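J.: Given chain A's structure and the hints, the job is docking chain B onto it.
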Amino acid sequence: MQHRLWRSAILLLVWVTATSCSASYPTAPTAAPVRLLLLSTSSLNDFSFNRSFTVKVYLIDSDGVYTDVTNAAEWQVSNSLLRVTRIQPSGSFTGGFSVSAANGFNESGVSTVTAVYQGRTDSITVTVYPSSRSAPRLEVLFSGSQQLTPGAQTLGVSARYWSTPGSRTDVPASYSTSDPGVATIDGARITPRSPGKFTLIASYEGVSEHVLMFVNPSEKLIKP
Amino acid sequence: MVTALICLLFAPASSAQTADREIVRLAANLYQVRDGAQHTVFIVTADGIILADPLGTSTAGWLQAEFEKRFPDKLVRLVVVSTDLYTRIEGASLFNDTAVVVGQSKIGEAVRRAWQDLPGSLIPFDRNASHTLEPVELTSHPGAAALMARDRDGDGVLRPSEVNSSVTIVEREFERSDRLNANVTVLAPAAGAPQLSVVWFAEERIAFAAAIPGLLARPVRLNQPNATHAVAWARAVAALDFDVLITGDGQRVSHADIEALRKYLDALFADVAAGYEAGKSVDQLQRSVTLDAFAAAPFYPSRRAHIAELFDGVRIVTADLYGFASGRYVLPDSAYSAGYSLSRRPVVPVGTVGLRVSGRMLGLAGEFASGPQEMIARSSAYYDERIAVRDSRVSGLIRIGGVSTALVAGLSSTTTDARGEYIARATTGALGGRHPIASRRRGYGVTVGGEATVRISTNAAFLMTLRVTGAVSPARGVAPVRNLDVQVGAGLSIRTHRRFRTPN
Numbered sequence: 001m002q003h004r005l006w007r008s009a010i011l012l013l014v015w016v017t018a019t020s021c022s023a024s025y026p027t028a029p030t031a032a033p034v035r036l037l038l039l040s041t042s043s044l045n046d047f048s049f050n051r052s053f054t055v056k057v058y059l060i061d062s063d064g065v066y067t068d069v070t071n072a073a074e075w076q077v078s079n080s081l082l083r084v085t086r087i088q089p090s091g092s093f094t095g096g097f098s099v100s101a102a103n104g105f106n107e108s109g110v111s112t113v114t115a116v117y118q119g120r121t122d123s124i125t126v127t128v129y130p131s132s133r134s135a136p137r138l139e140v141l142f143s144g145s146q147q148l149t150p151g152a153q154t155l156g157v158s159a160r161y162w163s164t165p166g167s168r169t170d171v172p173a174s175y176s177t178s179d180p181g182v183a184t185i186d187g188a189r190i191t192p193r194s195p196g197k198f199t200l201i202a203s204y205e206g207v208s209e210h211v212l213m214f215v216n217p218s219e220k221l222i223k224p
Numbered sequence: 001m002v003t004a005l006i007c008l009l010f011a012p013a014s015s016a017q018t019a020d021r022e023i024v025r026l027a028a029n030l031y032q033v034r035d036g037a038q039h040t041v042f043i044v045t046a047d048g049i050i051l052a053d054p055l056g057t058s059t060a061g062w063l064q065a066e067f068e069k070r071f072p073d074k075l076v077r078l079v080v081v082s083t084d085l086y087t088r089i090e091g092a093s094l095f096n097d098t099a100v101v102v103g104q105s106k107i108g109e110a111v112r113r114a115w116q117d118l119p120g121s122l123i124p125f126d127r128n129a130s131h132t133l134e135p136v137e138l139t140s141h142p143g144a145a146a147l148m149a150r151d152r153d154g155d156g157v158l159r160p161s162e163v164n165s166s167v168t169i170v171e172r173e174f175e176r177s178d179r180l181n182a183n184v185t186v187l188a189p190a191a192g193a194p195q196l197s198v199v200w201f202a203e204e205r206i207a208f209a210a211a212i213p214g215l216l217a218r219p220v221r222l223n224q225p226n227a228t229h230a231v232a233w234a235r236a237v238a239a240l241d242f243d244v245l246i247t248g249d250g251q252r253v254s255h256a257d258i259e260a261l262r263k264y265l266d267a268l269f270a271d272v273a274a275g276y277e278a279g280k281s282v283d284q285l286q287r288s289v290t291l292d293a294f295a296a297a298p299f300y301p302s303r304r305a306h307i308a309e310l311f312d313g314v315r316i317v318t319a320d321l322y323g324f325a326s327g328r329y330v331l332p333d334s335a336y337s338a339g340y341s342l343s344r345r346p347v348v349p350v351g352t353v354g355l356r357v358s359g360r361m362l363g364l365a366g367e368f369a370s371g372p373q374e375m376i377a378r379s380s381a382y383y384d385e386r387i388a389v390r391d392s393r394v395s396g397l398i399r400i401g402g403v404s405t406a407l408v409a410g411l412s413s414t415t416t417d418a419r420g421e422y423i424a425r426a427t428t429g430a431l432g433g434r435h436p437i438a439s440r441r442r443g444y445g446v447t448v449g450g451e452a453t454v455r456i457s458t459n460a461a462f463l464m465t466l467r468v469t470g471a472v473s474p475a476r477g478v479a480p481v482r483n484l485d486v487q488v489g490a491g492l493s494i495r496t497h498r499r500f501r502t503p504n
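Respectively, the protein sequence lines represent chains A and B. When you line the first sequence up against the working numbering, it's residues 1 to 224, in that order. When you line the second sequence up against the working numbering, it's residues 1 to 504, in that order.
No lab work stands behind these hints: they were computed from the structure. None of these values were measured; they are calculated from a predicted model. You may find that some hints are simply not true.
To be verified - Covered stretches of chain B (chain A as the covering partner; in silico rule of three or more C-beta atoms under 8 Å from a C-beta of chain A):
1. 333-346
2. 408-421
3. 424-438
What the hints assert, rightly or not - Derived SDA-like pairs: lysine to any residue, alpha-carbon spacing no greater than 20 Å straight-line:
4. A:K223 to B:S343
5. A:K197 to A:G151
6. A:K220 to B:Y383
7. B:K263 to B:A274
8. A:K220 to B:I437
9. A:K197 to A:D61
10. A:K223 to A:Q153
11. A:K223 to B:S380
12. A:K223 to B:P436
13. A:K220 to B:Y340
14. A:K197 to A:T114
15. A:K197 to A:P180
16. B:K280 to B:T290
17. A:K223 to B:Y422
Glycine is no exception: its CB is placed at the ideal position from the N, C-alpha and C atoms.
Looking at chain A on its own, in the form it has when it is part of the complex (with noise of 0.2 Å):
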């Protein structure tokens, strides 16, 4: 009897520890489903003003992760108004396409900027305007960098407002966003919420501006 109950807790105490010693977790990551691909750029404020900008592309899966596949995917213009230029990789520069005018910004016009990648399409609608620009009309200001990502500083916006070609004041405009998902707006204040698309709106005495811009994803691990 005393043997049976030796050996009965020799073996309940093998099992505990051969068993209890290390924790299991019931599956193994697996790779999320891409949901779509964002195009995204720098903001396009500025760009009746004879610059051009960076256009990046990136694929989106359903946990929110996104891999930039810029310089595999095909780039498309709807018409001659613009030019999509391959930069060439550079220090620590990974390389990508630059955007710009095909004829200098004595023509303007609407043109669509696509990307392709795997059967996916993401676009944007860039219009160029002359270089000279007709008013009354409101002109956007930033306080810092736009290149807003989430987690990262909320970023100041404001207003100028031009009464004529060659009058301008600054002005307390009001502001908002398209998608309050993708970025949200207090008084005058941008917080960037998620990697996206949103148009800022600013209005002042019936004059409104749009300004199509980008949150784009962190290259850190965002954690509180």
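T.: Then chain B, alone, in the frame of chain A:
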């Protein structure tokens, strides 16, 4: 010739004592020897003579002469030393030539102790109690000249090492019974008490014991040398099949008397041991242990003294295997949850197994605790984490307390193993997406607590436990840090070993 010389040297001064010797036949081949108040026995077998305690050298010399006269074709082949009294074994030196002298292991120590003093027959001459003999002290001794011849270093002083006979004893660790031949068995009823050995002559149904542990005194004194030895002795001897037990001082005790005493001591010891284990005092036991069934026995009037003697002599060692299920509450790790929405159960189940070795009030315990893994999830806008965490804890605890309640304290080592995955959102590159988590860290802490026990049978008890563990050096892995946890549980304790030991 040598024998004669030794007999002459150590012969008592009084010649009257020399005449006070006799050999009495007890059975066909079994004889009782008396020299004054000292008694012993021998048996004549086909292989030779087996002699119990040979007594002093004088008696042994006389015996040797008697053997030559009565049994001229028999030699003494075995001398059984059943006591540590040198006065009863010094005569063995006379039989070293033909016999093997056997005794329990501690007999050797007794002999060595005796060598540090004079033989009993010479002590009366040591008038200045110097433990040596000067010539002036030996003037009245008839063998003074021969004695002084043993002054090997020639300093004019006889030291114990110069006068004591050399006895070669084969020390043997007697088992409960050690059969010397088909008829003669030696028992060591109480381990560690060589003075309580018994020689049992099965065919003659007679036993011999040089000393009995105070059982024959009136009132019976159990604490000579030790109360628990007395109980062990009574149990072992009562189990022998004999009619009469002869003692070293010549008393004859019937088996019925020993058996009655054994029953009384067993009952007394059981009650005292249980009370001792339960933490009761001597006074409490003297009031509660009445043993009315033995009220008419001659030793009953000394019951209160016996309880005190047994109480003083008893030491308990128990070993218990125990297990309990408990709920463990872990103090939240605020740093782990800051900025996240956290999902975890406040209390997780834990199973603990342990082995405890205890004395009456002090014990040591080793515990191993583990249980089902705990699922912990935390999430924020851009980060989700879900891990399975299992803690395994080994503790070494000191237990202070009695049978029913005790406090425990000690050191513990906790291994925290975490497995799982995290999802990093809104992030590019290799940092984003789903990633496995694996972390195994060990931390150290201090455990304190208590336990209450309710005995449900002789060997089983219901156990309620409390353990509080504070981390001194917590495990810092991917899991929440366990700075403090509280564990409350209940279970069973199985006694695997319970032994009452003598204090020496």
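J.: Each hint should be assessed against the structure and marked as holding or not.
T.: Here is what the structure says about each hint:
Given a C-beta distance limit of less than 8 Å, the hint that chain A covers the segment 333-346 of chain B holds, as 3 residues qualify and 3 suffice. With a cut-off of 8 Å between beta carbons, the segment 408-421 of chain B has 6 residues touching chain A; three or more are needed, and the interface restraint holds. With 13 residues bearing a CB less than 8 Å from a CB of chain A, the segment 424-438 of chain B meets the requirement of three and the coverage assertion stands. Taking the CA atoms of K223 of chain A and S343 of chain B, the gap is about 17 Å. The hint holds against a cut of 20 Å.
Proximity of K197 of chain A to G151 of chain A is assessed by CA-CA distance (about 16 Å); at most 20 Å being required, the pair is judged to hold. Between K220 of chain A and Y383 of chain B the alpha-carbon distance is near 12 Å, which keeps this suggested pair within the 20 Å criterion. A distance of roughly 17 Å separates the Cα atoms of K263 of chain B and A274 of chain B; the hinted pair therefore holds under the 20 Å criterion. The straight-line distance between the Cα atoms of K220 of chain A and I437 of chain B is roughly 18 Å, inside the 20 Å bound, and the hint therefore holds.
Straight-line distance between C-alpha atoms of K197 of chain A and D61 of chain A comes to about 16 Å, which keeps the hinted pair within the 20 Å bound. Using a Cα cut-off of 20 Å, the hinted pair K223 of chain A and Q153 of chain A holds, with the two alpha carbons roughly 14 Å apart. The hinted pair formed by K223 of chain A and S380 of chain B meets the criterion: a straight-line CA distance of about 8 Å does not exceed 20 Å. Restraint check: the Cα-Cα separation between K223 of chain A and P436 of chain B comes to about 17 Å, which is no more than 20 Å; the hinted pair holds.
Distance restraint check for K220 of chain A and Y340 of chain B: the Cα-Cα separation of roughly 18 Å lies within the 20 Å cut-off, and the hinted pair is therefore satisfied. A distance of roughly 14 Å separates the Cα atoms of K197 of chain A and T114 of chain A; the hinted pair therefore holds under the 20 Å criterion. Our distance criterion of 20 Å between C-alpha atoms is met by K197 of chain A and P180 of chain A, whose separation comes to about 10 Å. The straight-line distance between the Cα atoms of K280 of chain B and T290 of chain B is roughly 15 Å, inside the 20 Å bound, and the hint therefore holds.
For the given pair, K223 of chain A sits about 11 Å from Y422 of chain B by alpha-carbon distance, which is consistent with the 20 Å threshold.
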